[in-house]
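2 protein chains.
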Amino acid sequence: MQVTLVHVRVVPGQEDAFIEATRRNHEASVREPGNLRFDVLRSADDPSGFVLYEAYADDAAAKAHKQTDHYLAWRDAVAPMMAEPRRGVPYDGLFPRAGS
Amino acid sequence: MQVTLVHVRVVPGQEDAFIEATRRNHEASVREPGNLRFDVLRSADDPSGFVLYEAYADDAAAKAHKQTDHYLAWRDAVAPMMAEPRRGVPYDGLFPRAGS
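Chains A and B, in that order, give the protein sequences. For the first sequence, numbering that gives the first Met the number 0 begins at 0 and goes up steadily by one. For the second sequence, numbering that gives the first Met the number 0 begins at 0 and goes up steadily by one.
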């Protein structure tokens, strides 16, 4: 399981628009082959702070996500909402193990 | 869905012991009522860096985790392995929605 935590801070006032655009990305992403998680989190302490928790079975599936229409639409939709560049942090998923 | 991202850095050399203790915690935690995720991640950039991604259906289920034998055993086992105090960051899970 290959995971990226994407840390996002949006311009105050753009939260609802970001959530709506990200809901659409979530709904399509979880149907991609090889997608294991696409959870959208909002900071409990900062209403403008979000994390996308994206897990794929392998590197090829993660890379394929970046080529999908829904990812590209999301990328363009949220570009003007970013208060700062978003930051993707890569992890190797240890547990659950692949296939479990 | 209530989420905590627990950021951990272990003392170099203690990684394998931490992974083994955390595997036991993972296996028991995913069987708790109300547990939705208990993913164990290792930083792709820092072999001593880990994140526990813990998601529960509600606050009561999250609190109950801290009372389980497996949590308490993990807490005691890993205490001497910590290179710095671990840091739990709380989030509200927006998607997937509860029940989906």
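No lab work stands behind these hints, which were simulated from the structure alone. Heads up, the beta-carbon is just placed ideally off N, CA and C, and yes, glycines get one too. Hints may contain errors.
Covered by chain A, per the in silico footprint, the following chain B stretches (three or more residues, Cβ under 8 angstroms) [to be verified]:
1. 63-74
2. 77-87
Partial pick of chain A residues on the chain B-facing surface, computed with a CB cut under 10 angstroms [to be verified]:
3. R8
4. I18
5. V50
6. H69
7. R74
8. V77
9. L93
Which chain A residues stay away from chain B? Per the calculated CB distances, all over 12 angstroms, these [stated by the list, open to error]:
10. T3
11. A54
12. A76
Here's how the hints hold up against the structure:
1. 63-74: violated (count 0)
2. 77-87: Our answer is that it is violated, as 0 residues pass the Cβ test (under 8 angstroms) against chain A, missing three.
3. R8: 14 angstroms, violated
4. I18: Holds. Min distance 6 angstroms.
5. V50: 6 angstroms, holds
6. H69: 13 angstroms, violated
7. R74: Since the shortest Cβ distance to chain B is 17 angstroms, the answer is violated.
8. V77: Violated: closest Cβ of chain B sits about 14 angstroms from V77/A, beyond 10 angstroms.
9. L93: 5 angstroms, holds
10. T3: 9 angstroms, violated
11. A54: Violated, because the least Cβ-Cβ distance between A54/A and chain B comes to about 7 angstroms, which does not exceed 12 angstroms.
12. A76: 16 angstroms, holds
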